[in-house]
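Q: In this text, residue positions in the sequence shown follow numbering that gives the first Met the number 0: the first is 0, and each later residue adds one.
It should be emphasised that the hints constitute simulated quantities derived from the structure, not laboratory data.
Certain hints may be false.
Label-pair ranges, simulated between beta-carbon atoms [claimed, not checked]:
| no. | residue 1 | residue 2 | range |
| --- | --- | --- | --- |
| 1 | Lys597 | Lys552 | 33 to 43 Å |
| 2 | Ser241 | Val500 | 42 to 52 Å |
| 3 | Arg135 | Thr604 | 35 to 45 Å |
| 4 | Asp345 | Thr604 | 15 to 25 Å |
| 5 | Pro603 | Lys240 | 52 to 62 Å |
| 6 | Lys597 | Val136 | 18 to 28 Å |
| 7 | Lys552 | Lys424 | 52 to 62 Å |
| 8 | Glu411 | Ile220 | 50 to 60 Å |
| 9 | Phe587 | Asn386 | 47 to 57 Å |
| 10 | Ser100 | Pro598 | 39 to 49 Å |
| 11 | Ile220 | Arg398 | 48 to 58 Å |
Taking lysine-lysine and the DSS-like style, the derived pairs with C-alpha atoms no more than 30 Å apart in a straight line are [to be verified]:
| no. | residue 1 | residue 2 |
| --- | --- | --- |
| 12 | Lys478 | Lys424 |
| 13 | Lys191 | Lys164 |
| 14 | Lys106 | Lys612 |
| 15 | Lys495 | Lys132 |
| 16 | Lys174 | Lys424 |
| 17 | Lys528 | Lys564 |
| 18 | Lys429 | Lys415 |
| 19 | Lys324 | Lys564 |
| 20 | Lys266 | Lys174 |
| 21 | Lys200 | Lys216 |
| 22 | Lys216 | Lys271 |
| 23 | Lys417 | Lys266 |
| 24 | Lys417 | Lys429 |
| 25 | Lys174 | Lys112 |
| 26 | Lys564 | Lys583 |
| 27 | Lys306 | Lys240 |
| 28 | Lys478 | Lys607 |
| 29 | Lys200 | Lys271 |
| 30 | Lys112 | Lys478 |
| 31 | Lys429 | Lys408 |
| 32 | Lys495 | Lys429 |
| 33 | Lys164 | Lys324 |
| 34 | Lys495 | Lys112 |
| 35 | Lys396 | Lys552 |
| 36 | Lys266 | Lys429 |
| 37 | Lys528 | Lys552 |
| 38 | Lys564 | Lys593 |
None of these values were measured; they are calculated from a predicted model.
Backbone N, C-alpha and C fix where the C-beta goes; we use that ideal spot for every residue, glycine too.
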Amino acid sequence: METVEMNSVSLKRPCSEDDVANTDEIKRQKISEKSKTENDSGQSVEAVTGQPDKSLLEDTKNEIIPNEESEEQEEEELEDSDEDGDPESFADMMKHGLTESDVGITKFVSSHKGFSGILKERYSDFVVHEIGKDGRVSHLDDFSVPVDDEDPSEETFTVLSEEDKQRLEELQLLKNKETSVAIEVIEDTKEKRTVIHQAVKSLFPGLETKTEDRDGKKYIIAYHAAGKKALANPRKHSWPKSRGSYCHFVLYKENKDTMDAINVLSKFLRVKPNIFSYMGTKDKRAITVQEIAVLRITAQRLAHLNKCLMNFKLGNFSYKNHPLKLGELQGNHFTVVLRNITGTDDQIEQAMQSLREIGFINYYGMQRFGTTAVPTYQIGRAILQNNWNEVMDLILKPRPGAEKGYLVKCREEWAKTKDPAAALKKLPVKRCVEGQLLRGLLKYGMKNIISAFGIIPRNNRLMYIHSYQSYVWNNMVSKRIEEYGLRAVPGDLTLKGATAVHIEEGDVDNYTIHDVVMPLPGFDVIYPKHKIGEAYKEMLAADSLDINNMRHKIRDYSLSGAYRKIIIRPQNVNWEVVAYDDPKIPLFTTDLDKLEGKPLPVLPTDGKFRALKMEFSLPPSTYATMAIREVLKMDTSIKNQTQLNTTWLR
0 METVEMNSVS
10 LKRPCSEDDV
20 ANTDEIKRQK
30 ISEKSKTEND
40 SGQSVEAVTG
50 QPDKSLLEDT
60 KNEIIPNEES
70 EEQEEEELED
80 SDEDGDPESF
90 ADMMKHGLTE
100 SDVGITKFVS
110 SHKGFSGILK
120 ERYSDFVVHE
130 IGKDGRVSHL
140 DDFSVPVDDE
150 DPSEETFTVL
160 SEEDKQRLEE
170 LQLLKNKETS
180 VAIEVIEDTK
190 EKRTVIHQAV
200 KSLFPGLETK
210 TEDRDGKKYI
220 IAYHAAGKKA
230 LANPRKHSWP
240 KSRGSYCHFV
250 LYKENKDTMD
260 AINVLSKFLR
270 VKPNIFSYMG
280 TKDKRAITVQ
290 EIAVLRITAQ
300 RLAHLNKCLM
310 NFKLGNFSYK
320 NHPLKLGELQ
330 GNHFTVVLRN
340 ITGTDDQIEQ
350 AMQSLREIGF
360 INYYGMQRFG
370 TTAVPTYQIG
380 RAILQNNWNE
390 VMDLILKPRP
400 GAEKGYLVKC
410 REEWAKTKDP
420 AAALKKLPVK
430 RCVEGQLLRG
440 LLKYGMKNII
450 SAFGIIPRNN
460 RLMYIHSYQS
470 YVWNNMVSKR
480 IEEYGLRAVP
490 GDLTLKGATA
500 VHIEEGDVDN
510 YTIHDVVMPL
520 PGFDVIYPKH
530 KIGEAYKEML
540 AADSLDINNM
550 RHKIRDYSLS
560 GAYRKIIIRP
570 QNVNWEVVAY
580 DDPKIPLFTT
590 DLDKLEGKPL
600 PVLPTDGKFR
610 ALKMEFSLPP
620 STYATMAIRE
630 VLKMDTSIKN
640 QTQLNTTWLR
């Protein structure tokens with residue numbers, strides 16, 4: 000399934016006589032440094048903090064799709080190309096996308112008048128710092144490497160030629176029929192041989208070495224110690240017992256999502272991605288700072304990557320005895336710049352005070368539902384209905400809207416022939432959901448769609464039904480707020496520990512709206528006792544689903560449900576309005592700027608434009624764009640913003 004992330008979101012109101020007379024347009028920045036950016040295909044404009052609700056975290060292991068590296072590179076190039084550069088035509092295509100009201104996002108909690116602003120005009124306008132389970136905010140502020148007598152010398156990283164490294168990598172990855180690689184020792188000394196032995200063993204886990212004499216010359220022979228099994232398991236005996244097995248570090252990344260970053264790191268380190276662990280995935284179009292742990296890779300090797308990777312920096316290294324677990328974070332701290340704002344000082348003050356004191360509705364943001372004319376919740380609903388022909392049709396059928404050209408051709412071929420092989424030929428990128436489903440249909444046949452669909456990685460499959468749960472939740476919360484407002488009422492639900500209980504008439508004064516939770520539908524939740532409980536039942540019945548029987552004949556698709564607070568009050572809320580003239584200059588310093596000694600940007604006291612710099616902390620599974628929506632009182636969907644203002648597109 001393809002989604003499209005915008006370069007920025009122009010949260011601009013249609014002009015009215017009440018609007019503030021600030022009508023100057025900023026010519027939107029086109030990021031031209033190809034080395035600093037990627038095509039934004041594959042990500043949406045939302046920023047979700049942390050991970051889905053606890054019930055949605057049942058299987059979070061990285062699923063490795065077997066592809067040759069050359070195929071991966073080719074697909075990455077294809078994904079980075081085929082970009083539609085005409086903003087007007089893109090806006091026209093996005094008429095078929097979703098708006099907030101399509102997914103139940105209809106209410107606000109504050110009373111202030113909304114105003115316009117531009118979100119993510121530069122990806123550096125959106126900075127995310129992870130908050131660990133101990134409440135500590137992750138910062139990159141130290142590049143030093145822990146001193147360790149066991150670490151190889153710096154020469155380890157330079158002693159092998161690029162040709163040697165290429166041959167060793169092919170041997171390590173079993174890419175050719177060679178059983179060993181011989182490296183001639185030039186300027187033979189015992190010390191030189193020792194460094195080469197160390198270099199091979201530390202840079203290419205799974206390979207062993209020995210020294211041989213051949214025709215009077217010394218050679219280091221590299222070979223597989225334990226066949227294919229050695230590839231994924233760094234050599235245990237080479238790791239000091241006194242050192243923790245996991246190297247924890249802070250990853251600072253720009254304009255990359257977390258899994259992309261880990262895939263890049265694993266390629267450079269020549270290891271599999273599943274030896275990395277983390278507490279939450281972070282947005283792509285942002286600067287993000289988070290903790291990562293990796294099994295038996297030294298801080299020295301990781302620090303060496305700072306010399307050769309762009310858009311990443313690694314630091315704050317330490318050794319520990321445990322990996323990181325998904326969902327174990329307290330949340331994320333956001334620093335956001337909204338540029339070219341039109342609000343008066345009073346409007347901004349009211350908006351931010353409301354965000355601090357009341358909060359915002361904890362809606363699932365637009366990224367949860369996809370950006371094409373076929374929302375992900377519709378596919379989830381078909382799965383829950385056990386309507387597998389509908390599932391297949393929704394994923395593969397042609398649809399209006401913005402998509403890659405090769406996907407359009409693939410869908411057209413499918414509609415014309417219903418031939419998986421013919422459709423696959425039109426699809427050079429086989430790792431997308433459509434390609435995986437077509438491969439499944441080719442393998443299992445058109446009469447076994449369930450097995451064909453099962454080829455798609457589990458997390459991707461579950462995304463569809465979680466999207467349906469989110470769709471129901473958003474709609475029910477809007478109904479709840481419309482019916483009862485911002486106060487706790489008898490029949491509402493609240494949590495006592497991890498258990499949901501109903502608020503009784505006699506206790507209602509002991510609770511506020513911030514205590515109220517609402518269920519995501521499932522077999523292991525209870526529902527409100529007032530009108531909204533019936534509304535859940537009616538909404539599911541309209542979708543031919545029984546609220547009292549949410550177990551699916553395929554266990555993976557049985558929904559247990561979960562509870563989610565309906566109002567979130569952000570912590571550590573701060574803001575300021577700054578003036579600026581140049582839309583390209585940064586308006587605050589990042590961790591990397593501070594490490595590199597870059598000064599604060601000098602801003603004019605009376606600039607051409609104004610920006611709102613805001614900071615706040617949110618718990619996991621909370622969407623930062625829903626907080627920003629509450630401040631601006633604007634629809635954050637791509638469809639709405641492209642119709643209001645297309646000039647910000649490339």
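Q: Taking the hints in turn, state whether each one holds.
A: Each hint tested on the structure:
1. Lys597 to Lys552: 33 to 43 Å: 59 Å, violated
2. Ser241 to Val500: 42 to 52 Å: 50 Å Cβ-Cβ, so the 42 to 52 Å window holds.
3. Arg135 to Thr604: 35 to 45 Å: 36 Å, holds
4. Asp345 to Thr604: 15 to 25 Å: 20 Å, holds
5. Pro603 to Lys240: 52 to 62 Å: 59 Å, holds
6. Lys597 to Val136: 18 to 28 Å: Distance hint for Lys597, Val136 holds at roughly 21 Å.
7. Lys552 to Lys424: 52 to 62 Å: 34 Å, violated
8. Glu411 to Ile220: 50 to 60 Å: Cβ of Glu411 to Cβ of Ile220: about 55 Å, so the range 50 to 60 Å holds.
9. Phe587 to Asn386: 47 to 57 Å: 50 Å, holds
10. Ser100 to Pro598: 39 to 49 Å: 45 Å, holds
11. Ile220 to Arg398: 48 to 58 Å: 57 Å, holds
12. Lys478 to Lys424: Given that 30 Å is the threshold and the Cα spacing comes to 47 Å, the pair is violated.
13. Lys191 to Lys164: 17 Å, holds
14. Lys106 to Lys612: Judged against 30 Å, a Cα distance of about 24 Å means the pair holds.
15. Lys495 to Lys132: 21 Å, holds
16. Lys174 to Lys424: Within the cut-off at roughly 26 Å; holds.
17. Lys528 to Lys564: 17 Å, holds
18. Lys429 to Lys415: 20 Å, holds
19. Lys324 to Lys564: Holds, at about 23 Å.
20. Lys266 to Lys174: 15 Å, holds
21. Lys200 to Lys216: 22 Å, holds
22. Lys216 to Lys271: With a Cα-Cα distance of about 35 Å, the restraint between Lys216 and Lys271 is violated, given a limit of 30 Å.
23. Lys417 to Lys266: 37 Å, violated
24. Lys417 to Lys429: 17 Å, holds
25. Lys174 to Lys112: Measuring from Cα to Cα gives roughly 63 Å; hence the hint is violated.
26. Lys564 to Lys583: Violated, at about 38 Å.
27. Lys306 to Lys240: Status holds; Cα separation ~29 Å.
28. Lys478 to Lys607: 42 Å, violated
29. Lys200 to Lys271: 16 Å, holds
30. Lys112 to Lys478: 22 Å, holds
31. Lys429 to Lys408: Answer holds: Lys429 to Lys408 is near 14 Å, not above 30 Å.
32. Lys495 to Lys429: Given that 30 Å is the threshold and the Cα spacing comes to 47 Å, the pair is violated.
33. Lys164 to Lys324: With a Cα-Cα distance of about 33 Å, the restraint between Lys164 and Lys324 is violated, given a limit of 30 Å.
34. Lys495 to Lys112: 37 Å, violated
35. Lys396 to Lys552: 26 Å, holds
36. Lys266 to Lys429: 20 Å, holds
37. Lys528 to Lys552: 29 Å, holds
38. Lys564 to Lys593: Roughly 37 Å separates the two Cα atoms, so the pair is violated.
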